[in-house]
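**Q** For reference, the chains in residue letters:
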Amino acid sequence: MVPPLSLTLEPGELMGVLGPNGAGKSSLLSTCTGELPVATGTIHLGKQVVNPNDAQQLARSRAVLPQQSHLAFNLSVLDIIQMGAYAFPECSQDQVNQWCDRAVAAVELHTHVNRPYQALSGGEQQRVQFARVMVQTLAIQQACGHAFLFLDEPTASLDSRHQSLLMRVVKRLVTEESVAAMIVLHDLNMAARWCDKMVLLSPDHPPQHGTVSEILTKETLESVFRMAMHVLPHPMRPDGWLILPNE
Amino acid sequence: MSPSHSKAWRFPDRRMEWSGLTWLSACLLIAVVWASISGAYDIRVLDIASWILGAPMDVVSANVMLNIRLPRVVLGVVAGAALGVSGAVMQSLFRNPLAEPGLVGLSAGASLGAVMAIVMTGGGAFLIGGFAFIGALGATLLAYYLGRSSHNSAGLLLAGIAINVVVGSAMGLMIIQANDAQLRDLTFWNMGSLAASDWSLLLWLAPWTVMLGCLLVTQWRELNALLLGEREAFHLGFHLRRLRWRLIVLVALIVAPVVAVTGGIGFVGLVVPHLVRLWRGADHRWVLPSSAIAGALALTLADWLGRTIMAPTELPIGLVTSLIGGPFFIWLLLRGKRSSLS
Chain A
1 MVPPLSLTLE PGELMGVLGP NGAGKSSLLS TCTGELPVAT GTIHLGKQVV NPNDAQQLAR
61 SRAVLPQQSH LAFNLSVLDI IQMGAYAFPE CSQDQVNQWC DRAVAAVELH THVNRPYQAL
121 SGGEQQRVQF ARVMVQTLAI QQACGHAFLF LDEPTASLDS RHQSLLMRVV KRLVTEESVA
181 AMIVLHDLNM AARWCDKMVL LSPDHPPQHG TVSEILTKET LESVFRMAMH VLPHPMRPDG
241 WLILPNE
Chain B
1001 MSPSHSKAWR FPDRRMEWSG LTWLSACLLI AVVWASISGA YDIRVLDIAS WILGAPMDVV
1061 SANVMLNIRL PRVVLGVVAG AALGVSGAVM QSLFRNPLAE PGLVGLSAGA SLGAVMAIVM
1121 TGGGAFLIGG FAFIGALGAT LLAYYLGRSS HNSAGLLLAG IAINVVVGSA MGLMIIQAND
1181 AQLRDLTFWN MGSLAASDWS LLLWLAPWTV MLGCLLVTQW RELNALLLGE REAFHLGFHL
1241 RRLRWRLIVL VALIVAPVVA VTGGIGFVGL VVPHLVRLWR GADHRWVLPS SAIAGALALT
1301 LADWLGRTIM APTELPIGLV TSLIGGPFFI WLLLRGKRSS LS
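So the protein sequences, as listed, match chains A and B.
Under this note's numbering, the residues of the first sequence are numbered 1 to 247, in order.
Under this note's numbering, the residues of the second sequence are numbered 1001 to 1342, in order.
Source of the hints: derived by calculation from the structure; they are not laboratory data.
Don't take each hint at face value.
To be clear about the criterion: a stretch of chain A counts as covered by chain B if any three or more of its residues have a C-beta under 8 Å from a C-beta of chain B, and this derived list gives those stretches [said to hold, decoys possible]:
no., region
1, 48-56
2, 76-88
3, 224-238
Examples of chain A residues toward chain B, derived with CB under 10 Å [said to hold, decoys possible]:
no., residue
4, T33
5, E35
6, P37
7, P116
8, Q129
9, R132
10, Q136
11, F150
12, M190
13, W194
The model shown is predicted, which means the values in this text are computed figures rather than measured ones.
We put the CB at the ideal spot given by N, CA and C, even for glycine.
Make the full structure from the sequences, and use the hints.
**A** Set out below in structure tokens:
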């Protein structure tokens, strides 16, 4: 269940969705992507109202990276990445190839491209799914100029290097291609490092949203996560924060 | 993200898949010619060649060839293509390698519809076809709704078993009331046969199957997306309820007339798509047309086998496909246990 909420996400912004388990983070994401119906109010992606019945229009406005994917039969990595362009059948194969090229290079998949998907590790599979979503995002950006990207804990199965790589790619899409992105994260430090805005959901408190500095305060975090936290200025980054649970 | 990285790999050559399709088509052509000339009554290739060039063929050969053998072979091609492509679609729709028209109960539903039409209304091709379609559609929907909530094969297969049992009982009731001649006909129809073929039948069945086959092939993107899961298919732009309906209706439309004409031919839709995927991968751009051609090839060969292996006695084609398909099904189940299929 998602509590009543009013949010605006601008192109070029990365919004983090945080909160304890069961707070409704994935439900919020699913509502924004059109999977779950809205009880009251409306959701707009750009000028379009989100209509769960118009799957094609939605796919031409927003791309979604789920937490987990399971493939029924074995496709190659490239087959899956190319699916990102399925909502754009009018695009030429050359154009699709260019997008795939960029996506493969961005997540360092060039040695895995022709391998069967089921032969990859969990982390590699997650990067493949991200590459697919990136192709869809690039296609949307080209078609209508403003793309929306939704990611549900995209770094969960990745090692540190690839977590950092993926977040950098997302941030670059947001800043260089003016993509508006909403990302569900568990890691508060990752959120502090990469996000511009935040939404903090809680089962016991009304939702809060604002800039990173407004949300990431000791009092707010302690009341939502119900554990002692330290919020310190980051030793390496002048405007950054370091959040340490007090264990 | 240096440019040199992007040149380290290349897009795969689609020519591999095209050559696969060409090979399959060539094999099918050879099989059709072979099945046409070979059988309980052999027709020599030379006779056919000289007939094509204008020389008259003896009456018996001509009759066997044109009125018995050829329509039967063409029906085998049409039925095999329908069963092959529908098996491929069902496996992706249900995201389950064990799905096929027979196991899921679609064929049973069609059979029940056809037999009810014969018993209750006395027949007529369109009535039988129409009842068969309704039976097929009802059975598939039931299997889908019963089976979709479970995360493994069990629900779907149980639904298929239930439907097959119900239909079996209904057929049993009809068998009790049948006289000896009807009994024999019904028994053999149940085991599947291409013998009921003639040109007036093929005149509508062949174009119908080709048209529906082409419609199914256009759904390759949707079916590829379904392999990622229903949620992902939605994210990629496909309206799920409409897609499910579309696929189920198309499959029922293509399989029902075939079952109404040929009776129950099982396992083609199970085995053929599997082998096709093993050979060149699961991309439906390739799998759908290949399953159609390979299905046609399989049924043509199975029918030839049934006609010749115990000549002049004819083994019903459904029996031949079960004898080959049954052990394959068991092998699939064993393989599935070892991997994380179910």
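**Q** Which earlier hints turn out false for this structure, listed by number in ascending order?
**A** 3, 6, 12 and 13
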